[in-house]
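Counting from 1, position 27 in the sequence shown corresponds to residue 27 in full-length UniProt numbering; the numbering is continuous, with no gaps.
I should point out that these hints are in silico values taken from the structure, not numbers from a laboratory.
Every value quoted in this text rests on a predicted model; they were computed, and no experiment measured them.
Incorrect hints may have been included.
Said to hold, decoys possible - Quick list of simulated restraints, FRET-style, between CB atoms:
hint, residue 1, residue 2, range
1, Ser68, Arg29, 19 to 25 angstroms
2, Ala33, Thr67, 38 to 44 angstroms
3, Asp35, Arg77, 34 to 40 angstroms
4, Glu60, Arg21, 34 to 40 angstroms
5, Thr73, Val38, 26 to 32 angstroms
In this text, a Cβ means the ideal position worked out from N, Cα and C, and glycines have one as well.
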Amino acid sequence: MLADGGYAGNKLRQALHAFWRWTVQIIRRSDTASDFEVLSRRWAVERPYAWLGRCPRLAENFETNGTSSTAWTLVARVRRLPRKRRSSDCLPAMHAVPSQACAVN
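Could you put the whole structure together from the sequences, leaning on the hints where they help?
See the structure below:
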């Protein structure tokens, strides 16, 4: 699992390992960097927040309880699925056999 430097503590690392046997990789800036530096894989950490931020309902926190907030987050994620499916490389060709439409080369 990739995480931002804000999650660098051992508490999260131990909890994720205890429940799901996940290891956490913290994306950090180099100590020797003096100017702006592009961090590898940082986009993978920040990208889901950008996707959820596009949903107007989630742009600000209007919810008063966690259940409602969780439900709207799931709705926003479900809304993204058709767009993700359309842009994938796994679309069947016009005359392709269905079993070969998503063949891995």
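Taking the hints in turn, this is what the structure says about them:
1. Ser68 with Arg29: 19 to 25 angstroms: 36 angstroms, violated
2. Ala33 with Thr67: 38 to 44 angstroms: 42 angstroms, holds
3. Asp35 with Arg77: 34 to 40 angstroms: This hint holds: roughly 36 angstroms between Cβ atoms.
4. Glu60 with Arg21: 34 to 40 angstroms: 36 angstroms, holds
5. Thr73 with Val38: 26 to 32 angstroms: 29 angstroms, holds
Comparing the model with each numbered hint stated earlier shows that hint 1 is the single one that does not hold.
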